[in-house]
Amino acid sequence: MKIDKSLLSGSTSLLVLSLLKSGDKYGYEMITLLEAVSNEVFQMKEGTLYPILHNLEKKGYVKAYNQQTDKGRSRRYYHLTDKGAAQLIEEKTQWEVFSGAVNTVLHCGT
Amino acid sequence: MEKKTVKQEPAEWLPAAAWSQTLEDRTGIDSLRDWLKKATRPLYWPPDRRQVRRELRDHIDERVEGLQNRGLSLGDARRETLKRMGDPAETGALLRQVHQPGLGWALGVARIVAIGLLLAVVVMLVSGEYNLPRITKSHSVISSRSIDYGDYVENYTLVAERSCSCSDKVQFGAFTVSCEEAVCRYDQWERISKQTDRPELNGELIQRNLGDTCYIRLRFTGAPWYDLPEHYSDLIRVVDDKGMEYQTEDADTLEKKISITGSRTGLCSWEIYIRFANRPEETEWVDIILGEKPARKELRIYFGGWRFQRMDALPSEPQDFVENFRKIKLNLDGIVWEQRRWYDEQQGRVVGEPLFKLGHYGSAEGQSGEITFCVSQALSMGDEEAYKTVSTNSPVYYYGDVKRFVDLTLVFRGDTEQLPLFTASLREKLRIVDPARGSDAQEIEFIPVGTCVYQNVCVWRIVWKDPLGTERYELQYRQSPEESACVLRLDLETDVKEEENP
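Protein sequence lines correspond, in order, to chains A and B. Residue 41 in my numbering sits at position 41 of the first sequence, and the numbers go up by one each step. Residue 588 in my numbering sits at position 478 of the second sequence, and the numbers go up by one each step.
It should be emphasised that the hints constitute simulated quantities derived from the structure, not laboratory data. Where hints are given, some of them may not hold.
[As the list claims (entries may be wrong)] No farther apart than 30 Å at their CA atoms in a straight line, the calculated lysine-lysine pairs in the BS3-like style are these: (1) B/Lys352 x B/Lys407; (2) A/Lys21 x A/Lys63; (3) A/Lys63 x B/Lys279; (4) A/Lys92 x A/Lys63; (5) A/Lys83 x A/Lys58; (6) B/Lys367 x B/Lys352; (7) A/Lys71 x A/Lys83; (8) B/Lys279 x A/Lys71; (9) B/Lys148 x A/Lys58; (10) B/Lys403 x A/Lys58; (11) B/Lys304 x B/Lys366; (12) A/Lys58 x A/Lys21; (13) A/Lys59 x B/Lys407; (14) B/Lys279 x B/Lys304; (15) A/Lys63 x B/Lys407; (16) B/Lys304 x A/Lys92; (17) B/Lys304 x A/Lys71; (18) B/Lys352 x A/Lys21; (19) A/Lys59 x B/Lys304; (20) A/Lys83 x A/Lys45; (21) B/Lys367 x B/Lys304; (22) A/Lys92 x A/Lys21; (23) B/Lys352 x A/Lys58; (24) B/Lys304 x A/Lys83; (25) A/Lys59 x B/Lys352; (26) A/Lys59 x B/Lys403.
[What the hints assert, rightly or not] To give an idea of the chain A side of the interface with chain B (calculated C-beta under 10 Å), a few residues: (27) Ile31; (28) Gly47; (29) Lys63; (30) Arg73; (31) Ala101.
Cβ coordinates follow ideal geometry from the N, Cα and C atoms, glycine included.
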């Protein structure tokens with residue numbers, strides 16, 4: 001099931017930070033992982049991932065570094081910083097409060 | 111018909127399926143090129159533009175290859191990739207917001223400013239003041255701070271630090287390289303609840319992280335028109351005083367592993383972090399080797415002794431710490447319980463499965479030689495798509511086929527100098543076996559991480575996969591080969607808690 005783009009846009013940084021919690025990743029890996037773990041519910045235009053990543057890097061939440069694969073392909077990996085980990089907790093808490101409130105309203109009277 | 115080739119790409123464009131240049135394979139390639147140009151055109155700063163274009167190009171390479179592997183023809187894979195990449199104008203506008211805020215129409219002004227800065231740099235180069243002051247020694251400052259966020263308080267405590275010193279700066283190509291900082295730290299970060307709707311929860315420990323890191327921070331200084339080489343991490347090697355080289359790739363020898371990251375931090379400066387995966391405990395010094403002969407340069411980093419804060423100077427006694435640590439398990443019920451559910455409009459109900467199922471947690475105590483230990487936390491959780499990060503130093507990523515894993519925290523008290531290091535030597539002294547598999551029970555692969563938070567209190571966290579849903583494990587711990595094993599039996603309940611349907 002695809003979801004409304006506007007629902008996704010507000011939580012993209014939370015999703016990206018969550019993906020990096022389990023280890024350093026590069027952009028394409030994040031996109032494919034996001035699709036896989038969400039059963040393709042979360043599908044974003046792939047080009048728009050990079051402004052999000054670069055913005056997170058600018059804020060100090062992630063750090064980027066280049067690494068070359070065995071095939072000689074260059075990949076730019078992103079690493080979750082301590083500041084980013086703290087931000088993830090913050091955003092996750094906000095999301096839980098928000099989603100809980102939405103659920104409450106949705107199920108009110110049912 | 112003879113093959114014709116199209117115009118050659120710039121040298122930076124590596125050959126890949128996405129950019130194959132034979133005539134037969136041209137389908138869609140121009141559209142992808144246009145997409146890249148449009149998406150990166152709004153970036154005025156050439157190094158930024160090159161970097162972003164390279165990253166997007168690599169993404170497109172991988173996407174096209176991935177779609178081809180799924181059976182699409184090259185042309186179809188390119189078309190599908192183009193569709194998935196989205197609107198290049200939108201991407202470009204978003205990139206510009208990040209990379210060039212406020213420049214836009216003022217490009218001409220920016221050029222003037224840039225020229226002014228270049229002139230200033232020339233003056234600095236001539237005067238020799240372009241190198242920032244070199245810090246020859248990282249001072250040990252053991253400190254704590256507390257920040258009140260209203261509904262919770264964050265406490266940070268630097269518990270122990272190993273100061274390091276660096277040799278003189280070296281000239282490496284266009285850059286002057288100096289060591290800014292070389293340090294190992296144990297620290298802890300915790301969040302305490304406050305002003306909640308339930309007053310009985312005020313003062314409860316919400317989360318605590320124990321840090322255990324060693325890193326070296328190098329500063330590269332040079333003229334602003336330089337940039338770090340694309341594969342700068344390949345130019346840097348780290349060799350310890352015994353001649354052992356640290357590896358940057360996944361290596362079997364986990365003890366000797368580093369990660370290298372870097373970025374521009376100013377007009378004339380770049381920073382490179384060399385982060386050690388495990389603490390170089392028995393190492394007196396390491397050499398940072400830059401480049402290859404004849405241009406090879408070396409920086410030597412000396413590790414000093416550990417410095418610990420006294421126990422009584424901490425806000426709580428060790429026993430309180432253990433008690434506090436036990437509180438973590440009480441709160442885990444709310445932390446690890448995550449869902450992957452959503453409301454399906456067509457079905458008219460919430461669908462999906464819980465991501466984690468909480469199985470069991472408990473505590474136990476034991477004795478081995480002069481050391482007492484207790485299990486402050488034993489968790490068994492997991493589902494088909496469970497994943498968990500153990501620590502920032504040793505991320506453990508379980509995904510897909512793992513039904514369950516066990517997460518055990520042990521707190522050791524006593525003469526902890528007898529404890530092995532949290533590296534390979536721990537594996538020699540600790541075994542985790544499944545007695546149900548018989549006397550030749552296969553040793554279970556486990557990942558230990560840990561830290562000493564006080565001089566006589568150490569915490570280990572051990573995680574292992576539990577694909578078979580074993581009900582009982584034995585932890586066999588020996589401080590020396592001659593000593594009989596101290597056995598800790600761990601029973602895991604099989605009836606996992608189920609969350610009530612919303």
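Review point. Looking back at the numbered hints, which does the structure fail to meet, lowest number first?
Key: Violated: hints 7, 8, 10, 11, 13, 14, 17, 18, 21, 23, 25, 26, 31.
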